[in-house]
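Please model the complete structure; the sequences and the hints are all you need to start from.
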Amino acid sequence: MTLATEPPKANFRLGMLIYDTRYRSYTIQIIVLILFLLGVAWLANNTIENLAAKDKDINFGFLWNRAGYDIDQHLVPYTNDSTHFQALLVGLCNTLLVAVIGCFLSTILGVTIGVLRLSKNWLLSRMMTVYIELFRNVPVVLWIILVYAVLSETRPEPKDFKIVDGTSKASMILNDSFAITNRGTNVPSPLLEHPLPRIELGGYSLNLSVLACIFVVAASIWINRILRRRAAATQEATGIRPTTWWKSLLILFVPIIALLFAMGLHWDYPAFKGFNFKGGLNVAHAFTALTVALTLYYASVIAETVRAGIQAISKGQSEAAAALGLRPGRTMNLVILPQALRVIIPPLISQYLSLTKDTSLGLAVSYLDLRGTLGGITLNQTGRELECMTLMMLIYLIISLIISSVMNAYNASVKLKER
Amino acid sequence: MKKSVFFGALAATTVLAGSAFAGTLDDVKARGELICGVNVGLTGFGAPDATGAYVGFDVDLCKAVAAAVLGDAAKVKYVPTTGETRFTALASGEVDVLIRNSTWTFSRDTDLKFDFVAVNYYDGQGFMVKKDLGVSSAKELDGATVCIQTGTTTELNLADFFKSNNITYTPVNVADDSEALRQYDAGACDAYTTDASGLAASRASLASPADHIILPEIISKEPLGPVVRHGDNNWGDIVRWTYYALLTAEEKGVTKANIDQVASSTTDPEIKRLLGLEGDMGAMMGLDKDWSRRAIAVSGNYGEIFEAHIGTSTPIGLARGLNALWTQGGLQYAPPIR
Numbered sequence: 506m507t508l509a510t511e512p513p514k515a516n517f518r519l520g521m522l523i524y525d526t527r528y529r530s531y532t533i534q535i536i537v538l539i540l541f542l543l544g545v546a547w548l549a550n551n552t553i554e555n556l557a558a559k560d561k562d563i564n565f566g567f568l569w570n571r572a573g574y575d576i577d578q579h580l581v582p583y584t585n586d587s588t589h590f591q592a593l594l595v596g597l598c599n600t601l602l603v604a605v606i607g608c609f610l611s612t613i614l615g616v617t618i619g620v621l622r623l624s625k626n627w628l629l630s631r632m633m634t635v636y637i638e639l640f641r642n643v644p645v646v647l648w649i650i651l652v653y654a655v656l657s658e659t660r661p662e663p664k665d666f667k668i669v670d671g672t673s674k675a676s677m678i679l680n681d682s683f684a685i686t687n688r689g690t691n692v693p694s695p696l697l698e699h700p701l702p703r704i705e706l707g708g709y710s711l712n713l714s715v716l717a718c719i720f721v722v723a724a725s726i727w728i729n730r731i732l733r734r735r736a737a738a739t740q741e742a743t744g745i746r747p748t749t750w751w752k753s754l755l756i757l758f759v760p761i762i763a764l765l766f767a768m769g770l771h772w773d774y775p776a777f778k779g780f781n782f783k784g785g786l787n788v789a790h791a792f793t794a795l796t797v798a799l800t801l802y803y804a805s806v807i808a809e810t811v812r813a814g815i816q817a818i819s820k821g822q823s824e825a826a827a828a829l830g831l832r833p834g835r836t837m838n839l840v841i842l843p844q845a846l847r848v849i850i851p852p853l854i855s856q857y858l859s860l861t862k863d864t865s866l867g868l869a870v871s872y873l874d875l876r877g878t879l880g881g882i883t884l885n886q887t888g889r890e891l892e893c894m895t896l897m898m899l900i901y902l903i904i905s906l907i908i909s910s911v912m913n914a915y916n917a918s919v920k921l922k923e924r
Numbered sequence: 263m264k265k266s267v268f269f270g271a272l273a274a275t276t277v278l279a280g281s282a283f284a285g286t287l288d289d290v291k292a293r294g295e296l297i298c299g300v301n302v303g304l305t306g307f308g309a310p311d312a313t314g315a316y317v318g319f320d321v322d323l324c325k326a327v328a329a330a331v332l333g334d335a336a337k338v339k340y341v342p343t344t345g346e347t348r349f350t351a352l353a354s355g356e357v358d359v360l361i362r363n364s365t366w367t368f369s370r371d372t373d374l375k376f377d378f379v380a381v382n383y384y385d386g387q388g389f390m391v392k393k394d395l396g397v398s399s400a401k402e403l404d405g406a407t408v409c410i411q412t413g414t415t416t417e418l419n420l421a422d423f424f425k426s427n428n429i430t431y432t433p434v435n436v437a438d439d440s441e442a443l444r445q446y447d448a449g450a451c452d453a454y455t456t457d458a459s460g461l462a463a464s465r466a467s468l469a470s471p472a473d474h475i476i477l478p479e480i481i482s483k484e485p486l487g488p489v490v491r492h493g494d495n496n497w498g499d500i501v502r503w504t505y506y507a508l509l510t511a512e513e514k515g516v517t518k519a520n521i522d523q524v525a526s527s528t529t530d531p532e533i534k535r536l537l538g539l540e541g542d543m544g545a546m547m548g549l550d551k552d553w554s555r556r557a558i559a560v561s562g563n564y565g566e567i568f569e570a571h572i573g574t575s576t577p578i579g580l581a582r583g584l585n586a587l588w589t590q591g592g593l594q595y596a597p598p599i600r
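Chains A and B are the protein sequences, given in the same order. For what it's worth, the numbering used here labels the leading residue of the first sequence as 506, then goes sequentially. For what it's worth, the numbering used here labels the leading residue of the second sequence as 263, then goes sequentially.
It should be emphasised that the hints constitute simulated quantities derived from the structure, not laboratory data. Misleading hints may appear alongside valid ones.
[Unchecked claim] Here are the simulated PhoX-like pairs of lysine-lysine, each with C-alpha atoms no more than 25 Å apart in a straight line:
#1 B:Lys393 / A:Lys783
#2 A:Lys778 / B:Lys291
#3 A:Lys783 / B:Lys392
#4 A:Lys667 / B:Lys393
#5 B:Lys425 / A:Lys783
#6 A:Lys664 / B:Lys392
#7 B:Lys401 / A:Lys783
#8 B:Lys375 / A:Lys559
#9 B:Lys392 / A:Lys674
#10 A:Lys674 / B:Lys425
Given below as structure tokens:
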């Protein structure tokens, strides 16, 4: 006969929440979560109570009121009759314009400088070292102000370009098509004789001509990629790469030139008239200064990232490539850089994020970006500090998250594939 | 965690905002110092002098309020504010009163929750250009580049003026008067626009004022005055009546020089009430008997302050115009002190 003995049933005691390792971590996590939620609730409650004490509410309705102020540089249609929301969009476009151009130029410049810094040419590499140390060790806002001051203090006033008795104090450059005054750079702007019609879409008019150009260029690039892939396949199969350069040139340039010719492209040259240059495109110095300074500064930071990436690749790789008979340029392009990219891209993401956020330093030179419109004039004219600031933080957060997710996707595509 | 950072920042701004709200008079008395929001630098109205001490038309009103409340005109801390930061500074309690060429408008009075307690300068927006530009009217400014202070009513008036006259302009938006003036002087803009009084003050501080002209058009109404937070009515009354005391003093001929003599010899009941010799006006708003007498003794009556800083004998050279007393054809009119 066997005695069925029940296993001793552990009675749950309250003390086990602390002394039993099975439950302890849950207890701690729940307590921390409760404290955290209490903190959040306290902050939210504090905000609401303080607003109520000042007889204010949180209301985003002001975004649909008339803005009433003018913005010089607007990429989307805008007049002073537009709403604060449209002013926000104008500011956002100005922010993105500087961010995109800045990221693009600083990458090109940064990679070049980073590679040159490792050059065996003593003079060249030392010059790059001086450049990097100079730019990266001075606050970027000082560079912005410096570039702006140089442009606005050294260049002549527009009225000096006025022709009196056949001569003028200052003259335009490049065959009388460009003028750099102390206010901005006047460049010729493209005009179309027979543009495609504009499409009205919910209050916004879409410029079909621009869309058509973008579409044609994108299609050309796509077809060119197919061509190159075919060439590579032929090379794999037969060992001989067919000549493609003239086909590439034809595919890339003929369609867009034909399209522009058909639409009747001509240039509108700036000319001095009245107080200022009329015609052409006026690029304000605030924009130029911000873009140039951010590009130069971030190029120095990116150059260091690139150098670190290249130096992380073992020396044996370049020696092996040399043993195979590859020239130094091809070694860099085919062997070193593809491997170095894996090291370079994660820090590069944060440089792009910083550059995008640093566009808000445009306030030093009165550049009307998102901070200048939504966080500057709109905030002041409506007095809605909390709403404007919250909205602005949210927009910068979203931009940053988009940049980092795109770059992370790119990083995933170049990282070492383990099979 | 992103959410928590966001709410943290949100609440941090409002925690600061809420603390110094009601009972400004008690706060000022407890602190022993009046915090006055003034202009960063507008000669004649509020700007630091060679020794770094703030002087000017608006600054003297700060001093008068400090003398009325604390008994000492020197107990003022001046906080320089730009067109962009001024209302936030006032709303958050960083300053007790804002006396900084601020225009009284409907939305500032209602939506921003402020009270404009009086108008110490009746002004209008004008344009200044260089003489050699060859312009004699603002309507000839088609295509001009105009420097403008952001966050001001002038910014909106400018857009309206050019629109209604069907002409175009390029705005250059800068943060404060001194930066706008620097840009104008460097030739970054053809015209500089702000309140006409500000233009006169700025012109006086340029290297050669004679090379610049102020165009005849006045395109707006700009009643400038001291501002306090909405809801603290007693504090608003103190600032308002300190100002009206200065105005009444001018009307009754009480000056900095003769105040003691008038006080001992006057038989005019209104002057007696003004100088605290009869009745107890100060107690009605939490001050002592002599509040107004001290306020007037600091830099004299309204007319004296005007002439000392911005009047015709100064480089700024503004005529009284609309700011003359009502008895002399102007708009400055103080309700009776009784």
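Do the hints match the structure? See the list:
1. B:Lys393 / A:Lys783: holds, 22 Å
2. A:Lys778 / B:Lys291: Since the Cα atoms of lysine 778 of chain A and lysine 291 of chain B sit roughly 61 Å apart, the hinted pair is violated (cutoff 25 Å).
3. A:Lys783 / B:Lys392: holds, 21 Å
4. A:Lys667 / B:Lys393: holds, 17 Å
5. B:Lys425 / A:Lys783: Distance ~19 Å between lysine 425 of chain B and lysine 783 of chain A Cα, so the pair holds.
6. A:Lys664 / B:Lys392: With a Cα-Cα distance of about 12 Å, the restraint between lysine 664 of chain A and lysine 392 of chain B holds, given a limit of 25 Å.
7. B:Lys401 / A:Lys783: It holds: about 18 Å lies between the C-alpha atoms, which stays within 25 Å.
8. B:Lys375 / A:Lys559: holds, 8 Å
9. B:Lys392 / A:Lys674: Roughly 18 Å separates the two Cα atoms, so the pair holds.
10. A:Lys674 / B:Lys425: Not satisfied, since the Cα-Cα distance of roughly 33 Å exceeds 25 Å.
Violated hints, listed in ascending order, are 2 and 10; each of the other numbered hints is respected by the structure.
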